[in-house]
Every structure is written in structure tokens, then in C-alpha cells.
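Novice: Residue numbers (numbering that gives the first Met the number 0), protein chains in the order written: chain A, 0 to 297; chain B, 0 to 573.
The hints are simulated quantities; they were obtained by calculation from the structure and are not laboratory data. Predicted model, so just to flag it, every value in this text is computed and none were measured. Glycine included, each C-beta is placed from N, C-alpha and C at the ideal position. No false leads were mixed into what you were given.
Each computed DSS-like pair below joins lysine-lysine, with the alpha-carbon atoms no more than 25 Å apart:
| hint | chain 1 | residue 1 | chain 2 | residue 2 |
| --- | --- | --- | --- | --- |
| 1 | A | K113 | A | K248 |
| 2 | A | K209 | B | K41 |
| 3 | B | K98 | A | K197 |
| 4 | B | K28 | B | K157 |
| 5 | B | K41 | A | K197 |
| 6 | B | K28 | A | K194 |
| 7 | A | K194 | A | K52 |
| 8 | B | K480 | B | K551 |
| 9 | B | K41 | A | K232 |
Listing some non-contacts, in silico: residues in chain A with all C-beta distances to chain B over 10 Å:
| hint | residue |
| --- | --- |
| 10 | A21 |
| 11 | E71 |
| 12 | F114 |
| 13 | I124 |
| 14 | E165 |
| 15 | Y168 |
| 16 | P174 |
| 17 | D183 |
| 18 | L207 |
| 19 | A223 |
| 20 | E226 |
| 21 | I291 |
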Amino acid sequence: MSYTVIVFVKQVPDTQNITGEAMKPDGTVNRSALPAIFNPEDLNALELALQLKDRYGAKVVVGTMGPPNAAEVLRSSLYRGADECVLLTDRSFAGADTLATSYALSCCASKIGKFDLILCGRQAIDGDTAQVGPQLAEKLKIPQICYIEEVIKLDKKKIVAKRAIEGGYEILESPLPALLTVIDSNVPRPQAARKIMKYKNARTRSELAKDHANANYTDAEQLAVEEEVLKQKGLLIYEWSADDVGADKGRTGLAGSPTKVKNIMSVVLTATDTKKIEPSEEGIKNLVHELIDDHTLG
Amino acid sequence: MANFYTDNKDLQFTLKNLDLAEAVGLREKNYSEAEKFDHAPKNYADALDNYQRILAVIGEICGDNIDPRSRTVDEEGPHFENNTVTYHPLTQKNLNDLKQADVMGVMLPHQYGGLNCPVTIYTMMTEMVSRADASLQNLFGLQDIAETISEFGSDEQKAQFLPRFATGEVDGSMDLTEPDSGSDLQSVRLKAWQDPKTGQWYLNGMKRFITNGCAKVHLVLARSEEGTSDGRGLSMFIAEACPQLVVRRIEHKLGIHGVATAELQYNDVPALLCGQRRRGLTRYVMSLMNGARVAISAQALGIAEASFREARKYASEREQFKRSIDQFPAVYDMLTRMKMKVLAARALLYETTRAVDLRSGYNHLMETLSEKELTQEIRDKAKYYNRVAGVLTPMSKALSTETANEVSYDAIQIHGGTGYMKDFNVERYYRDARITNIYEGTTQLQIVAAIGGVITRANEERIKEFMALPYDGKLLRLKDKISEMHKLQLDAIKYITEKKDSAYYDLQAHNLVTMETYIFVGLLMLRDALKDNSREVLAERYILDSVSDFKKCYMEVVGGDVSTIDNHRVIIDF
Numbered sequence: 000m001s002y003t004v005i006v007f008v009k010q011v012p013d014t015q016n017i018t019g020e021a022m023k024p025d026g027t028v029n030r031s032a033l034p035a036i037f038n039p040e041d042l043n044a045l046e047l048a049l050q051l052k053d054r055y056g057a058k059v060v061v062g063t064m065g066p067p068n069a070a071e072v073l074r075s076s077l078y079r080g081a082d083e084c085v086l087l088t089d090r091s092f093a094g095a096d097t098l099a100t101s102y103a104l105s106c107c108a109s110k111i112g113k114f115d116l117i118l119c120g121r122q123a124i125d126g127d128t129a130q131v132g133p134q135l136a137e138k139l140k141i142p143q144i145c146y147i148e149e150v151i152k153l154d155k156k157k158i159v160a161k162r163a164i165e166g167g168y169e170i171l172e173s174p175l176p177a178l179l180t181v182i183d184s185n186v187p188r189p190q191a192a193r194k195i196m197k198y199k200n201a202r203t204r205s206e207l208a209k210d211h212a213n214a215n216y217t218d219a220e221q222l223a224v225e226e227e228v229l230k231q232k233g234l235l236i237y238e239w240s241a242d243d244v245g246a247d248k249g250r251t252g253l254a255g256s257p258t259k260v261k262n263i264m265s266v267v268l269t270a271t272d273t274k275k276i277e278p279s280e281e282g283i284k285n286l287v288h289e290l291i292d293d294h295t296l297g
Numbered sequence: 000m001a002n003f004y005t006d007n008k009d010l011q012f013t014l015k016n017l018d019l020a021e022a023v024g025l026r027e028k029n030y031s032e033a034e035k036f037d038h039a040p041k042n043y044a045d046a047l048d049n050y051q052r053i054l055a056v057i058g059e060i061c062g063d064n065i066d067p068r069s070r071t072v073d074e075e076g077p078h079f080e081n082n083t084v085t086y087h088p089l090t091q092k093n094l095n096d097l098k099q100a101d102v103m104g105v106m107l108p109h110q111y112g113g114l115n116c117p118v119t120i121y122t123m124m125t126e127m128v129s130r131a132d133a134s135l136q137n138l139f140g141l142q143d144i145a146e147t148i149s150e151f152g153s154d155e156q157k158a159q160f161l162p163r164f165a166t167g168e169v170d171g172s173m174d175l176t177e178p179d180s181g182s183d184l185q186s187v188r189l190k191a192w193q194d195p196k197t198g199q200w201y202l203n204g205m206k207r208f209i210t211n212g213c214a215k216v217h218l219v220l221a222r223s224e225e226g227t228s229d230g231r232g233l234s235m236f237i238a239e240a241c242p243q244l245v246v247r248r249i250e251h252k253l254g255i256h257g258v259a260t261a262e263l264q265y266n267d268v269p270a271l272l273c274g275q276r277r278r279g280l281t282r283y284v285m286s287l288m289n290g291a292r293v294a295i296s297a298q299a300l301g302i303a304e305a306s307f308r309e310a311r312k313y314a315s316e317r318e319q320f321k322r323s324i325d326q327f328p329a330v331y332d333m334l335t336r337m338k339m340k341v342l343a344a345r346a347l348l349y350e351t352t353r354a355v356d357l358r359s360g361y362n363h364l365m366e367t368l369s370e371k372e373l374t375q376e377i378r379d380k381a382k383y384y385n386r387v388a389g390v391l392t393p394m395s396k397a398l399s400t401e402t403a404n405e406v407s408y409d410a411i412q413i414h415g416g417t418g419y420m421k422d423f424n425v426e427r428y429y430r431d432a433r434i435t436n437i438y439e440g441t442t443q444l445q446i447v448a449a450i451g452g453v454i455t456r457a458n459e460e461r462i463k464e465f466m467a468l469p470y471d472g473k474l475l476r477l478k479d480k481i482s483e484m485h486k487l488q489l490d491a492i493k494y495i496t497e498k499k500d501s502a503y504y505d506l507q508a509h510n511l512v513t514m515e516t517y518i519f520v521g522l523l524m525l526r527d528a529l530k531d532n533s534r535e536v537l538a539e540r541y542i543l544d545s546v547s548d549f550k551k552c553y554m555e556v557v558g559g560d561v562s563t564i565d566n567h568r569v570i571i572d573f
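Put together the whole structure using the sequences plus the hints.
Specialist: As C-alpha cells, this is what we get:
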């Protein structure tokens, strides 16, 4: 285990397979109607981390910020080969924009301690901002390479990676530690049967407490003992609050988010007519004029 | 985004309702394995939860990865050059996906890195894999080879080979068939000789039609006893791929193009004796073949499922005379029958695997417990499940594989001229299905294997159990129909036993096995309808459809017509 690789992932509503009422009347996403999934490009980031583990030997730590049930994507990471997981969860994290999110994640990374690489998916399918990775690198004051397709070389001091650019690719070198954002250029490995059988029992502290509540039993000391037992078996998903990671609550969640959503429109495409353009010089000329007239061009 | 497990409600119903508690309890040694292995289940509910999760993962791999690659694999197949087989890159990807999903040692014990799943769960995986790419099943489905070493090999052999099978590092083949020994394996000639000084065994001779003959580990049936000519002179050996083991050629086949079927030449290949001498065919290969028969039943069922789905989709989309063709009685009747055949084959297959799981559980106790610990109950159950699995395995193989042929045939019919073209999948399913009722014993041989158990009423206890379930209304009326068939079956058996004419017995065996299948599957359908009343229509359709076919079979048996026996030569030569 010569390297430590942190992968930050996100649980997102499945916007690619929309069933039922995906939008509320006010134009916001109706999360309860959409199944929660592992953000696709985060799976690519995890896959890249696991490939680095296979190639060079690494400890892969997966972190996510989200509500308690986001632990599901962490278990899914364990099924694929992650070594440790951290759930960053706190009411004060709710409503975060990319600035507040990257701040919280930077606190989390600092608490994890020494690391060589942080991998993130390029962007999440619910917000599509592609900002969290870069902002996180800024906050941690480490170099970043975005749109990574593959890692060409990794050694103790530096990483050489290939990233996609318009019309081609670039090969860049960066000192470690560094942050990479990853695009969908690999095929995430499937969940492995034996890991499923083991890690389906992985729990966060609040899940453990919930199991206790169901058993009509709440004893903090006993809980701590059981947490320790899970930890010994490698089945504890670390659960950290804002205080645990030393986050300033003025900079997290809604309070720390300057972005305000002014208006959201649910755009329903209602085109009905078709228009035939003759495949001639004349036809093309008319079309170009028409597009200039309605300001689509120019 | 396709998942061949979650999109198949019949398969999910089967897992949920097929009571595997006893079999799993035996396999997990009353869940004491959980103390040693952190992934072993703690109780039956835990085990069932594991199975569902794993099947969902494999279902996704089959739907999203393997199925979309299957056409190219079929068109291009493996590459053979300089006596070396290279599988198609997509086949290699498929295998890698399955390796990464950790399902290369599904049934192997925990201690060797396996998942220790029952054969029922493995069979469900092979069904899904076959639905995606039937030829891949011939590679994925070779886990019976490791299973055979696990059952009969020495501790050293297990330690040497099983962990490598479990990780997918090695693959296997079963080398039985020779140019002159197909159905008649007793006549196998490949010679095994032992160096008197070192005790090392060597193999010499030819094997033919060997599925995945390019494997790294071979189980070989060979003649170890010089001067013998029957099955009792044969032993089983384990050989590893080496320069002395030459792949001479691979066959050009009608279907299952993705897998290499090889001709092998053994030039003094070093080998290990597996199990005891002289028991190669009588004990080990019979066991291996029984396992393989279950796997082929699942392969056939997967092809049938795929064929039905393509036909259903096409019939709902294709419009003729301003209507989708599935609105025409001739077409929806075909689709209904196809679906019923698939459901029937599945019901029988998993009832079979349940019996096979119980058999292996009790057999294991018989072999590991001391004389003192062996209660009469364990002995009785071991005997009982040996008998039941012995009759259900060939019944299931005959039904599933003939079903696959019929359903894929009809699937082309529903597509019309389009289905005859390579542009659609159904022609591939039709080609792939064709081998299933031939290899691992033809349907004709399955009849031979099943008829004894049918005559001696191996299924009688289970039939009585199902008959005694609390049916009422429609289900009760359907049960009465089965009772009637059951009476006729006993009557036909009495007739044939009293006739004491072995040629007539052989001639009518297929009718009796078919009749048994109608009764048994009809009862499975009724049992399932009791658990879920939306399945009443299925039980009704199956039983009503079987009445007339059953009667035809019955009349043929008790008709006593021997003219085929008397005149076949004249007719054939006419």
C-alpha cells in the first residue's frame, strides 16, 4: 500500500432514466420520484483509483457528502474494492452549492490526512457544474488536472496523465499530491460477489444506532463497543459531522452558498411543424437568412 | 440498462418460493461457516439476500455487457493458429467481467475461495449468461469440472487446483468423447499408463469434440486397465495444458460459435489420477455429466427465454393489415405456447436443482460423518434424493432442450422472412439451441436415463405431496384433471411392465417420460398458483394444453402396436 488515493463521490437522482414526475411544479427536482444512483463519472473515478491500486498498490478511501442514506454509494464502493469509506453528513451541510461543498470536502480531505491523489468524477448528472473538483484543489492548494482519460505513470513524486481536450488529448505531468477529475473513459468494474456478501454488513454510526433503536436499545457505550467491533472487521463506514472535520458552519450548506437559484423553468419542447429545406444553394441561403433574422446566428 | 435478473419476474418468483432452506443449511454446515469466513451467510434469510444481490449483479453484466457483444462474438468466433486458440476479444472481456464479479467458483467451498452457493443459484446464473450469449455458457458453465475435483479429488489436488479455478486463473474442460466413443463412453480408448519407477501417470491418444479443449486444466476419461474393453477399465485423470497436449484443430459448427470445440492429441501427457482407479466412468463421469446436464438445461432455457422475448417484441412492433401481428389469433396462440413452454421448463429445472442440492448435501454427510453419527434419517434422505435427482435431471434436460429448439423455431416463424436473415438475433438462437438436445447426452439418451425412475415411481412421493395441497375452485378442478392423468400413467406403466417386451419398452419409453413430465410440471404449476394467484391462468393453460397430448401418448403406450418393430427395416429401405 504505497499510495493513498481519495475518491470523492456523490449519490445523485437518476436523471438519465426518468420515470414518473421528475420535476415538482416549482421546477425543482423531485428527488423522491427518482431512484438514487452512484453518479456515473464518479464510478469512473473509482475505477481509475482501483486500477491504480491494482497497478501500484494503493489504499483507496472513498468519501461522500450527503444525507445518511448516501452510505449506499459507499457500500457500493466497498463491493468494488475500496478499502475505507467516509460519510460526511450534517444538517449544516444541506443546501450547499459548489463553493460550500468543496469547502466541506476540503475539510474532510484534511482530516483523512496524508494522501497522494484525490480523484473526482468530472461532474454530477444532477448539477452538471464540473466545479467541485477544481474548487477542492484550489482550497487544498494542490495542482489539478481535469478531464482525465487515463493515468500513464505514477511514482512517488509525480503523476503523468492523459486528459481529453477538444479534438485530441494532452499528456501532463504534475507533482503529488494532486487532484484529477475523470471522464467516462473506462468501464467501471462490476461489484464482486464475495465483497457484497461481506460488506453488505458495513454500517455507519447512525445506521448502527438505528439498528439499536429498532431493537429498543440505546446505550452510547455499547454502541461505541459495537462500532469498534465493526472497525476491527473492516465494516465500519466512518461518519463525520461538520464538527468532526473542523468545518466553519458559516461556510457550509446554505449559509456558505452564495449561489442563489433565481428561477427554474421546466422547458417542454413543443415543436410540432416540420419545415423542408431544399438541398440547393438557394435553400441554404434562405435558411441562413432566416436564422440570422431570428438571432440564432450572428 | 438491462438487467436479466430484475427483468425476469418468473426467475425472481422461483428464487423466492423455491424452498432452499434445507439445502443451504446443509451446505453452510448449519451456518457454522460464518464463524470462519466473514462473507459466509449467518442464516437462511442472509443467504437468500446474498443470492438475490449476486444474481442482480450478474443480471446486469449479462444485460448491459454480454448481450450487446454476443452478435459479434457469433460472427467472428475464436481464432486458431499454430495449435493455439485465442478467444475473441469480446469473449475475453465477458470472462473478465465475470471474473471481476467473482463468480468463477460459485459452488466451490469457502475455504478454496469459492462462494459456496447451491447449484440452484449457479444454474440461475448460467440461465442468464446463456440468454445473453449461449456460447459463453460453455465457458462459464464449466465450473462442474472444479466441482468434480472438489467432490472426488484428494486434499492435495483440491489445494492445488480449486483456488486457481475460484479466481478464474485457470479454466477447465472435460475430455470424454473420442472419434469412436460418443454416446457409448464405455468404449473409450485413450490410454493411461503408469511409470513403474516413479508412479507417474501418462496419457496417450485422441479426444474429439472437446468443448474449450484449449483449457488449462483437463479432466480426462482414460483406459487405465490394460486388456479391458468396458467402463470398468476406465479412470479419471487431471492433466494440465502442456506441449505434449496438442490442440490439432477446432471445429466449424452450426452454432455456439463463441467457444472453441477442439480435437486433442495426447502424446504422453503427465497426469494425476483423480479418485479411485476403475471408477472413472461409473462414478465420476456419471456425476460430472449429471452436473453438466443441469447446466445444459439452463443453457437451453436461457436461449428459449431470449427467443421468446425477441418474438414477443417483434410481434408487438410489426404491423400487417394495419394491426400489430400479435393481435392475430395464429400469432398470439404461438406466443402463448412459447411462453408456457419456457415457464414449464423453468419450473422443472429449478425443482431439479433443488433435488440436486439436497442430494449433494446428504451425500456429503454420508461421506463425512462417522458411522455413529449417521442417522437412519440421513441415510434415507441421501437415498431418496439420489433417486429423485436421478430421474429429474434427464427429464429436465429433455424438456428444456427440446423447448429451446421449439421456441427458437417459432421465434423465427413469428419474424417471418426477417427472422431468416442474419440481421436479427433469432437465427442465432435457433442455431445455438440445436446442440443442446445433442451434447451431454441426446434427448434419446435422457429418456433412457429417466425411464427407470419413471417406472419405479421415483417422483411418487413428491407427486402425492403436491396433490395434497389445499386447492379449491378452479385449481381443484385442474388438480382433478392431473389425478386422472396420474391414474392413466400408472395404468400405462402396469401395461408395459406386464408386456415384458424390451423392444416395445424402449420404443414407448419417450411417451411414458413425456406423460410423467406433464403430470409433474402440471403439479408444479398448481403449487406455484397457490403461492401467487396471478399464476392461476398459467396453471390452467398448461394443464388444459397437456390433456390431449397426454392422451395421445397414453393411447400409443397401451395400444400395443408393434408394427414399427416388425416393419421398420422394410419401411426404411423402401
